[in-house]
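S.K.: Take the two lone chains, each set in its own frame, and fit them into one complex as the hints suggest.
This is what each chain is made of:
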Amino acid sequence: MALLEVEDLATHFHTREGVVRAVDGVSFSIDKGETLGIVGESGSGKSVTCYSLMRLIPEPPGRIERGVARFDGQDLLQMGKSDLRHIRGDRISMIFQDPMTSLNPYLRISTQLIEAQQTHRDIDTKSALFKAIEALEEVGIPDAANRVKSYPHEFSGGMRQRVMIAMALINEPDLLIADEPTTALDVTVQAQILDIIKQRQERLGTAVILVTHDLGVVAGNCDKVNVMYAGQIVETGTASQVFYEAKHAYTRSLQKTIPSLQEKGQELYTIPGLPPDLSKPINGCAFHPRCPFPKTGHKGTERPSLKDVGDGHCFADCGFCDSSGSIEDVLAKGDLADTALPGEGAEA
Amino acid sequence: MSDISQTAPLQHKPQPDPAGPAVAAMLEELEEGSSLWKDAWARLRKNKLALTSLFIFVAIVLFCVVGPWLSPHDSQSQDLFVGAEGPSAKHWFGTDTLGRDLLVRVMEGGRISLLVGLVATTVSLMIGVIFGAVAGYMGGRVDAAMMRFVDLLYALPFTIFVILLMVAFGRSLWLMFVAIGCVEWLTMARIVRSGVIGLKKQEFVEAAVSLGYSHTRIITRHLIPNVLGPVIVISTLTVPAVMLLEAFLSFLGLGVQPPFASWGVLINEGQQNMEIFPWLLIFPAFFFALTLFCLNFLGDGLRDALDPKSAKD
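Chains as they are written, first to last, in this note's numbering: chain A, 1 to 348; chain B, 1 to 313.
These are computed hints drawn from the structure, not numbers from a lab. Computed from a predicted model, the values in this text were never measured in an experiment. Don't be surprised by glycine CBs; every beta carbon is placed ideally from N, CA and C. Each hint should be verified, as a subset may be incorrect.
Not everything, but these chain A residues come out facing chain B in the computed CB check (under 7 Å) [stated by the list, open to error]:
| # | residue |
| --- | --- |
| 1 | Arg85 |
| 2 | Leu103 |
| 3 | Asn104 |
| 4 | Tyr151 |
One chain only, chain B, in its complex shape (with noise of 0.2 Å):
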């Protein structure tokens, strides 16, 4: 072996202290805990379209979950004396065809609504992000057999499917939020299998399998981080979707029953009266539209915090 050593790099340090106030802020970030989250705030908050989309979301949230408890009005209170009224001073949004205030029902109908978009989303989610990369990861039988899975559960028709689980578990809220969650996992599954299956031919897959990292390890650590963008992206898209089907469930029966109400029924009843009654359309439209915009400009901005590569600072 010859001597090119000549250029030696740096001496051993025994106890290195290279750049104490740098090192030492990291050393609390990585205390703190996933950098990959943190990083991703810190570049949301520079997004100001994405950043107001929240902002506006919360709002909403607040305002249907606080709002009914100050509203003087009750949601099932009828006054049939009054019927459909417009907006006045007494009744912001005016009144329904029963004469019940609109306000409060557009507010309580918002807390089913976000609730089921919520919850179905993070219950399809999690069965389809981890569906999806073990299927992609493992490939070859274990992944043809997963996916036929999936084809299978396509090929059902949906309303069978929720009907079908509706009979087996007994009517509630929460079994229609995890049937609906159920139905759809499957194409977050096929996203998530096909990023894997694209990353895992990638030389870091490689690598960290040849610094002895497990499977799990490299699942969650290495390959689910890098399919987030058209996770977010998908999951955003969902959201609308499960509310919509929340609405056709409630219509046939299956979901929301009167006198409870969410978006998807109270925009129902309001289009059988569009004519005559607008504001019976246009006051819960108005928030279903408004609260689906901020969900997509926050994904985006999500999806563009989450790429370490878009980061321009």
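If we strip away everything but chain A, and leave its shape as in the complex, we get (with noise of 0.2 Å):
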């Protein structure tokens, strides 16, 4: 049985504006030691799907409206207050984007590692202080037996992403979810802060779920891959089926925004438009109004459904454009997206 089983979830914002759709049913499942990379543009749910399985989605305005999150045969969403504390950094643990605030400035490192174990452990101050520093030496901090009493804002950006891992981890749960941990980091950064929690991973056997908008770390990091889009999930399958065969029209042209795929010299290729206002109904595939490719027919009513094209390997297949031919191809006969924008454009 996989670690977690999320099915049809999905939730909502309730804002004077309307109903924000910020995710709407979505399906997953992740095993024991597995890494899911979820990529998306901004907006696209990604993080709130996160935030949904830890129930930190703040109530009101956010509602999760339906769905299941089976973990270990529990279901997160139904979840008491108490038994989701047991839960929450016992179980699941998460790191945040932004490493400078997710730490308490005025506590002590120790402090807060320490704080950490004897909310879920019945341990003396002492082994878990021999822990905390065990913990931060191994997410590479140097001298950690010293550095371990310093205080948040002595540490860099890069450093604190440590200890946020090392406390994420230091109650070694069977799920990390980590929500776009590199984003705030220098490029240099990011790889060190991505290998270590692969290490961790591997030497505890942690699942863990991967929130990103980069490409790159997803090719690198993940074994399987949801690729999200207006709140739903557009294609999913294995890093490579997502990365070498990419079906949905969405996923390619994510990929042709990457600089290093592109020649030198040329413009980089970005995605003309915007994704869709969430708070209005969205008829037949999302993604329509942006996409490069040439259409055959109309859009439809229906948001198209996850089709198995071999292996586990799934996209949303709209059936209404013409996605067989390369982008390149399709790109280089005109900015075909661009003339088609301004109608389509009122129509979203």
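M.R.: Written as structure tokens, this is what we have:
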């Protein structure tokens, strides 16, 4: 049985402007020790998915409308507050985007690491301190025995993210949710942080959900990948399936935006237009207005559901665009997307 | 999963004893309790101005508490033949219009003023910080309801409120302390609430939730220490405000009654005769001002000391 099985998760925000369907029917599963990548643009629902699993959605305005998230047989979404507290930090923990603000500035690192252990374990302060030092060494903090008594502001961003990783993993959880753990860091530090997560994962057998908007990160680190767009998963499969045999027009457009894949001197590709307004109902494929591929018919009224194209590789095939050709050819034929946009834009 | 773990981290040590002495010292510290206050004290000790202020403040407190027992005079025995007389060898601070020794009256008045300042400020601190932190942390309707209650009390004229309390519970010095505290917490609650709302958005609070900490723990361990800076500054401003309120209430006949006096009452009496007997104003006003100066410098020092980021060592 999978460690975590999410079925038809939907989280909506009830704002004054209307209901924003931030996550609208997401299903996936993750096994022990596996790494699942969730990619997508800003506002595609990646973070909201993770926050929903941890039940960190501010309610109101947010609300988990439906769905099941079975973690080791228990439904996280229905669980009582006190049961949830035992799961959080002990069996599932989370790393946040901004390491500069995710440690309490008024408490020493040692205090924070000890508190994390003593909340869930019956452990005396001395052993907890030793374990904290050990955890800091394991995430590559030099001179951990002395550095442990520092305050967060005495660490750089990369070091703070290491401390966060140490703190999140100190109780050896089964699942680690990393919400864009490298976004706020220098490129040079990003790789180190990802390596550390990976090392710790291999040692502890932790499953990791890695949220990112960086396709490169996903390719190098994940077993499985979910590509999200407008609150739904549009393509899912193993990293190589999603990378080398990408089917969905959105996934392929995303790949095209990676700078290193482009010829030198060429203008960087950006996907034209903006993601749809999630407070308005979406008819047909949500990506339709921005899709660069030639349309072969009307976009329909239903959002396309995931179809298996072999070996668990699924994508949301709308059936109305001809995505058989290479994206380079399509783009070379003149800016189809740009000409198609005004009319479609008004519709969306 | 590829194998990049070649650069494996340090091996697990079953019984690690890394950097023995440093760790041992730290353990002692941890067992002694909250490192927050210990560190703050260590930093405060380096602040000359704050330390001097603390020293002077303690001296004033001792002067007021112990002084009257050592003095040969008594604050209430009148000598109408002497009347108001300037400072002399017998009466260092002179005597008031009823011939009472001013030195003893200043000391005894100080007892009341300091007590009112400390008790009422503590009361306002406790109510205000807890109320504000809970309102800010809970947010939404709870917050709205709690803050409307604060607005309601704000709208109520202070004098009427205190008179009502006095009428309902009888007149006593302690009740006056509590009554003043009950009024002064409103500003504190608003400031703490706004601080907490700002902090709540920071990820360390989310991280604390995601680590499974309870609400009480998050409020007391993670939010309140972070708003202590402004809270302390407001507290040092509350102390003089409270002392002045006490003088005002006494003037209305609701506070300290003759023959007892507080600094506020003494200053009030002194300013009535300011042109003829200036020492009646100068001495109590000097102690009052000195105390407020000390508290302000001390509060400023404490605020810096409590913020780990201000440490430059």
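S.K.: Please name the hints from earlier in the document that this structure breaks, with their numbers sorted from lowest to highest.
M.R.: none
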